[in-house]
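The two chains are supplied separately, each in an independent frame; assemble them into the complex guided by the hints.
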Amino acid sequence: MIGQLTSSERQNAAVIAVVVAIAGMVMAALGRSDALGVHGVIVMLFAGGVLYILMSTFYEPEPTEDREASYYDDPIKVGIALSMAWAVFGMFMGVWVAAQLAWPDLAFDAGWSSFGRLRPTHTTGVIFGFGGNALIATSFHVVQRTSRARLAGQISPWFVLLGYNLFCVLAVSGYLIGVTQSKEYAEAEWYADLWLVVVWVTYFILYIRTIARRKEPHIYVANWYFMAFILVVAILHIVNNLALPVSWGHAKSYTIWPGVQDAMVQWWYGHNAVAFFLTAGFLGMLYYYLPVRAQRPIFSYRLSILSFWGITFFYMWAGSHHLHYTALPHWVQTLGMTFSVMLLVPSWASAGNALLTLNGAWHRVRDDATLRFMMAAAVFYGLSTFEGSFMAIRPVNSLSHYTDWTVGHVHAGALGWVALITFGSLYTLVPSLWKRERMYSAALVEVHFWLAIAGTLIYVFAMWNSGIIQGLMWRTYTEEGALAYSFVDSLVAMYPYYIARAFGGLLFLIGAVVGCYNIWMTVRALPAAVAAGADVPVTPVAIPGE
Amino acid sequence: MDIDHNAVVAFSKSWGLFYLIALALGVLVYTFWPSNKKRFDRAKKSILDRDDKPWRK
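In order, the protein sequences belong to chains A and B.
In this text, residue positions in the first sequence follow the UniProt record's numbering: the first is 1, and each later residue adds one.
In this text, residue positions in the second sequence follow the UniProt record's numbering: the first is 1, and each later residue adds one.
By construction, these hints were calculated from the structure, which means they are not laboratory data.
If a hint is listed, it holds; no wrong ones were tucked in.
Below, simulated DSS-like cross-link-like pairs (lysine-lysine); rule was C-alpha separation at most 27 Å, straight line: (1) B:K53 - A:K77; (2) A:K183 - A:K252; (3) A:K215 - B:K38; (4) A:K215 - B:K53; (5) A:K215 - A:K77; (6) B:K45 - A:K215.
Output of the computed footprint for chain B on chain A, the stretches with three or more beta carbons under 8 Å from beta carbons of chain B: (7) 57-70; (8) 143-155; (9) 306-315.
Virtual Cβ for every residue (Gly too), placed ideally from N, Cα, C.
If we strip away everything but chain B, and leave its shape as in the complex, we get (with noise of 0.2 Å):
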């Protein structure tokens, strides 16, 4: 099959539909991954904390 003009779009038109389908899901999924929500939270709390020194290894 030649690449001309018309086989990039028929590729972007069909291809570029289902990974933007597929990344859609893995999003969500991780975004609702239940064990994930414990690590949400604590980032979601943890910019509060006062605290002015970087922590040491």
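Looking at chain A on its own, in the form it has when it is part of the complex (with noise of 0.2 Å):
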């Protein structure tokens, strides 16, 4: 893991450990019996595995070719592997869950194991866990390759991954006993949010550094859109999480932001987090690994900079559409509503760009599951925009809101879109990083796949189903004027959609599984391909004195 740092590298990475460790210590002395005392303990645990394995490693031999020859590929590995065990733990809660809405005994009547604490671990999971670790791997792989140049540092790309994994076990840990800000996507607390700033600038100047050392006067749209993700992730992030810790010795704290306004800024906050982390930075990946799958270049770039722009500019003021019916003014209702609607504009451009671009190679995605993986990715992406416009506007969002058709809306995007393109472009990825031919076997890709469409089909229809009997039993008055069922009536009919809901989940996580398998013996089991003589470097000219 270390040996491409130098001894003076190394010294450096173990003094952050200890820094780290040192700070999760006084947070354990400040916390003591507090929640944030268990978290300094599980700081301390933390850093003490990455000291361990910096020291076991330590004498071993310097790096002795020239470093900047190279891709700097190791943190991207590492990364892999992170995101795919993320995504296990994720789905897997996400199906405990799912189980315990159909059968509430399988919170086995404990407090951590209860459906409010269970959720975020899922949300957590599979977005921040699985999303961001994939997130970052391929966007240290990318702009490698679009800038042609290597990593702008040695010890920041495993500051950046470990830290971020960090952020991720602390929100996890915590939820379990009982941690949380309550605000959707953003439920760790004041200490955990403050180290993900540290982590996220660090990520951002290292993505800017790297792309300042490119070789094409042009930065390739791929770069603009995790550029975008990282950046406005950070605002998001800041802005949202404003909080003050009721002491120091606490883990709890209260957010400054007053009422309606909290409620405003948060959904600023939750719908971004759909636009910049799980849209823009997956467009991100589909700009680069489905032409370079398909061996075609994007169908047409001026239409993937437009779209660019349209996405980042109106994302912006989408958010307010979570708010319909509330106490928000209604102008701002009705700015996030159109703006909702607009949004579709730029996201089918995105989309219609990727099917046009896989136009006239229609035989690889019916032989080649990987790239039928970032088709229906793209698919999905195009259809679940289109519900989300459509859910957005005022007299649809009284009949889906708060409903399963919600639930239904944010799986489309987030197994369909999110999810498939991740696989799609991992399966692009492995090999190439770790110089193989292929996968292990593409058969298994293939059952990945399907697992993967019909779990997320099987999902999706039956909080369609479950969403709109909800819906309209709620709003189903008697020929007197009252409701016609009661809340549990309408409980009570969701149970058969909650059953194949759970199902769907079982399926697309038995997928993740089965790919988790295919990864792993790629890695191990195939030899190395034989040096790729057609991989041309760009040949330096070696200037005298230089």
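Listed below in structure tokens is the structure:
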């Protein structure tokens, strides 16, 4: 892991790990028996683990080769492994909470395993654990290859990757012991949020500095998306998490935003987390891995630029559609609704651009499940952005909001778009990164593809059905003008759909496990490909004296 | 003029429109500026070049 670090860099890395461990000790001392103290111990263990790995290989030979002559792939490899591990964890938690809805006994009467605590471990596990690690890994890969430059740092990529995972561990472990800010997708408390700011700013600086080393005058569009993802997530995270802790020794904090402004800031954050975490970054993947896998340039480069700016500037205003029929000023709701409808244009431009890139290569889509993952992702992207724009319209929202339809919509995006494009990208990336000719088993990629598609469709159809039934039951009146159904009536009507949903999720989880096995075997069991002769390096013209 | 709720609303309802229009025009001009075409074409194709080493200054 640290084979590419010089001994002074290893020392610096060890110093960072020690500083983090000391910070953990301070947290433990201040927090005592509070949850903050528990998290202090977790920070110490994490930093200690990193220190142990560093120390056990500290005196291994230093790199002798010229590091600048090759790309920095070690952090990417670890990022892929972490991403898949989080995928299995997060999806397992998802299946568990889905099953709890059908069979509440699965909470086993314990506090930590109640629905309210497990659900955020699912959302954080899949969005930040699986999605975030995949984004960090692929962004490190794409920025190096498209800039033809090595990452602009030796320690900082590790700091970003491991620091980010420490944040995820703090978040998920916190939910189980009852720590939460009660903000959707921003549940982690103030100390974890502060740590993420440090990590994220490092990430942004590293990315910008790598791009500054690029060879091409023009920055390839995938990098724009990744940069928008990093920059905007930093802004969102900081503004939404402005909070005052109860004391330095407590995990609990209170947001500085009052009342309806808190709701507005939260959903400005929440919807832009969908936009810039779950869309912009993954579009970055799409614009690189899909053309590379199809061996065809993107259909229209100009269209990709137009849709980039459309998505960036429209999404910023769409968040208030989460607050229709609330105390939020009516015109702000309308603003959010209008921008959500307008968003359909740049979203379909991206989806159409991806599908038209494949036009003429449909036989490869048929034969190659990896490419098919990305094709299906583009289709689901187009479908769920259409659905999203539609659901943001106020009268439609009056039926869909607070029902399972919303849950179905989110999963059409998260499973159908985000997860499928990630798996397609990883199946493209893994063989090239480990210098293998192909994945261990093409048949298993195929199995994974069909499990993922079947799981997504079962899930989404179950939630569409249950959501619309719920929405209709909640708004049905008797002739006397009273509500026709109680809430419990609608809950009972959900039962078959909750079972179907858990089953769909289970299929998706099994697919992810199959993917893990395939990646593991590709790395472990396949021989390295013979040095590819077609890989032509950009021959450096050695200038004497440089 | 006081900066109250109505002033902020008026500002965002008017200038918000103009700045988005200006931005859209700027993006359109940049995208279709003839001399940019060469760079875009190059960027579009260069990711398919097989190459596994960084360039050197």
